[in-house]
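2 protein chains.
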Amino acid sequence: MKITVVKVGGAVVEDPLSLEELLGEFCSLPGAKVLVHGGGRTATKVASSLGITTEMIEGRRVTSAQMLEVVTMVYGGLVAKKIVSSLAKRGMKAISLTGADMCAVKAHRRPPVEIAGKMVDFGFVGDIDSVDADSLVSLIKEGTVPVMAPLSFDPQGGTLLNTNADTMAGAVASALAKAGNEVSLVYCFEKKGVLSDPDDEDSVIKRITPASFVSLKQEGVVSGGMVPKIQNAVLALESGVKKVLVTSHKDIPGGTVIERD
Amino acid sequence: MKITVVKVGGAVVEDPLSLEELLGEFCSLPGAKVLVHGGGRTATKVASSLGITTEMIEGRRVTSAQMLEVVTMVYGGLVAKKIVSSLAKRGMKAISLTGADMCAVKAHRRPPVEIAGKMVDFGFVGDIDSVDADSLVSLIKEGTVPVMAPLSFDPQGGTLLNTNADTMAGAVASALAKAGNEVSLVYCFEKKGVLSDPDDEDSVIKRITPASFVSLKQEGVVSGGMVPKIQNAVLALESGVKKVLVTSHKDIPGGTVIERD
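Protein chains in written order, with my numbering: chain F, 22 to 282; chain R, 22 to 282.
Everything labelled a hint here was simulated from the structure, so no lab data went into it. No false leads were mixed into what you were given.
What follows is a set of in silico ranges between Cβ atoms, one per label pair, in the way DEER data are often shown:
{"#": "1", "chain 1": "F", "residue 1": "38", "chain 2": "R", "residue 2": "48", "range": "40 to 46 Å"}
{"#": "2", "chain 1": "R", "residue 1": "129", "chain 2": "F", "residue 2": "274", "range": "34 to 40 Å"}
{"#": "3", "chain 1": "F", "residue 1": "62", "chain 2": "R", "residue 2": "252", "range": "42 to 48 Å"}
{"#": "4", "chain 1": "F", "residue 1": "164", "chain 2": "R", "residue 2": "129", "range": "21 to 27 Å"}
{"#": "5", "chain 1": "F", "residue 1": "45", "chain 2": "R", "residue 2": "129", "range": "22 to 28 Å"}
{"#": "6", "chain 1": "R", "residue 1": "23", "chain 2": "F", "residue 2": "41", "range": "41 to 47 Å"}
{"#": "7", "chain 1": "F", "residue 1": "62", "chain 2": "R", "residue 2": "38", "range": "33 to 39 Å"}
Heads up, the beta-carbon is just placed ideally off N, CA and C, and yes, glycines get one too.
Using the sequences and the accompanying hints, generate a full structural model.
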């Protein structure tokens, strides 16, 4: 089966107009699809209203037991249900999932890691072990679109774990590919694609291959937060995903294609 | 298909020990099952932490736009995922749903009602129009247990609506019965059943019929919050549900049986 996995980040999901634009594009995509969403800004806002301080280290959220409750409420509740409600209003039967639902995404708690000479414990943060592609496919075959929050599940601890949404999307796409599907993975954000000049929205690099990515990185054309995103994309290609798009939420498919040579 | 619909209220769900006792009983029930949960106390607590005042009129929550966000986070996120995670840890594949997920429970916003001579607008509160039994049955046939939050969906407004959990459980059970299933409905709470003496836990009335309910009400044996619960039960019987149990979360099946003569 052809399946498109679309990942959409916080900045788009949390702005009502952008979210509606994205969901319009998403609904008009032909064929089977899965949506993976973030929601970090809302989590930070709700945490702050509850008097809980957000600590980020290298762009990753330190997730205490209290913060896990916040991200469960925000990713698994508020943001997820806003998306599913909007899709339902458009006539699309969607269902929101965390890793615990149908035991769809199993993970283990990340052990403390050394960062800048110090051991950092990120708390309830999960590294994904497996995605149950069969459960997702069975929903899709019933005509239901899975909408996935960035929360994985630790079966030993019986707890959700906070997981990066880009990583979640990559793992879902890879598992669906390994199960024999033809998978495209789309990373949606506010820019038109991977830009060769960050200040010029029209400098979209049309095509990147694993080989050209090495040069682009060495020349410094691709840098910052775009590097791990493309690394995720290359990993997805290696595990059988057909192509990865990095594009605007207003233009699916479009933007930059990342594919094998 | 034989299906047991179990409704469990806030007091049980929100106490960690009681919740584990309930989920143990739930897992050991044979055959197909659905869980419908509440979560009102946690919603009130989270609302309060966010500086939002809870207003209850005749035991029902007035649901402003802000309060709708709170109940979406708490019922659809926090409470639902705690239940699903605990079931998953026990090896049960469960999935948490609101009315918007799979468009499972459609409703309309309740118009203002007159209470004690004053018009009261309950806000984002829903009266259920329909439950999509087919979607629930298709999940059950895949070996997945639906776990349902007391949130229905308004397809016109594209919004969730707050809905009483007892009513939700009754509507789900009725829809499954009308679709040709043999349905038992279980209302779980802290007491052992419907008591003839509220101060004596051992005064459980073993069996109530629609006819005996009329006498029990007239004699004042059944009163207070138990009356609408049994009224819901009688309505469920009228729409084809085979029997209704009112029992302790530690004893399913047990307690009081409500069934036709």
